[in-house]
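**Student:** Sequence:
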Amino acid sequence: MFYVQRDIEGQLLRVEAAPFEHYTEMLPADHAEIQEWFADDLVENSLKQLKQSDLDMIRVLEDLIEVLTSKGVISITDLPVGAQSKLLNRSTARKALGSLNNLIEEDEGGGLI
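All residue numbers for the sequence shown refer to the working numbering, where the first residue is 1 and numbers rise by one.
Incorrect hints may have been included.
Result set (DSS-like, lysine-lysine): computed pairs, CA atoms no more than 30 angstroms apart in a straight line [claimed, not checked]: (1) Lys95 / Lys51; (2) Lys48 / Lys95; (3) Lys71 / Lys95; (4) Lys48 / Lys71; (5) Lys48 / Lys86; (6) Lys86 / Lys71.
No wet-lab data here; the hints were simulated from the structure.
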C-alpha cells in the first residue's frame, strides 16, 4: 500500500510507502495511478542519466579528436568550420580552467597565487 496526497483537483501530489502528515488515502501498489506515478519518475531519472551521459561522451569525443590530431591522423581543418570553432572554444575554456586549478592547488600548498 502507498499513502497519497491529492490536490484540490484530485491529482496526486505526493506518494510515499509510509504514512505522512496530510496523506488523504491509501492505494495498492498495482493501482494505475501509482504505476503511472512511478513510471513518470523512472522516465525523469532516465532522462537525467542520458543527459549526464551526453556530457560525458562530449568529453570523450573531445579527447578522441585531440589524440587523433596530435598523432596526425586527422587535422582540425578536416572538420567543418562550425566544429573547428566549437572545439577551439572548448579547448580554450578547458585550458583556462586548468590554469585556475593550478593556481588553487598552489595556494592550498602554501604558495602565492
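**Student:** Between the alpha carbons of Lys71 and Lys95, is the straight-line distance 30 angstroms or under?
**Tutor:** holds, 20 angstroms
**Student:** Hey, Lys48 versus Lys95, does the alpha-carbon distance stay inside 30 angstroms?
**Tutor:** With Cα atoms ~28 angstroms apart, Lys48 and Lys95 stay inside 30 angstroms; holds.
**Student:** Would you mind confirming whether the straight-line C-alpha gap from Lys48 to Lys86 stays at or under 30 angstroms?
**Tutor:** Holds. Lys48 to Lys86 sits at ~24 angstroms (cutoff 30 angstroms).
**Student:** Against the 30 angstroms threshold, does the CA-CA distance of Lys48 and Lys71 hold or violate the hint?
**Tutor:** violated, 35 angstroms
**Student:** Are Lys86 and Lys71 close enough, with their CA atoms no more than 30 angstroms apart?
**Tutor:** holds, 21 angstroms
**Student:** Is Lys95 close enough to Lys51, meaning Cα to Cα at most 30 angstroms?
**Tutor:** Since the Cα atoms of Lys95 and Lys51 sit roughly 24 angstroms apart, the hinted pair holds (cutoff 30 angstroms).
The earlier numbered hint that this structure contradicts is number 4, and it is the only one.
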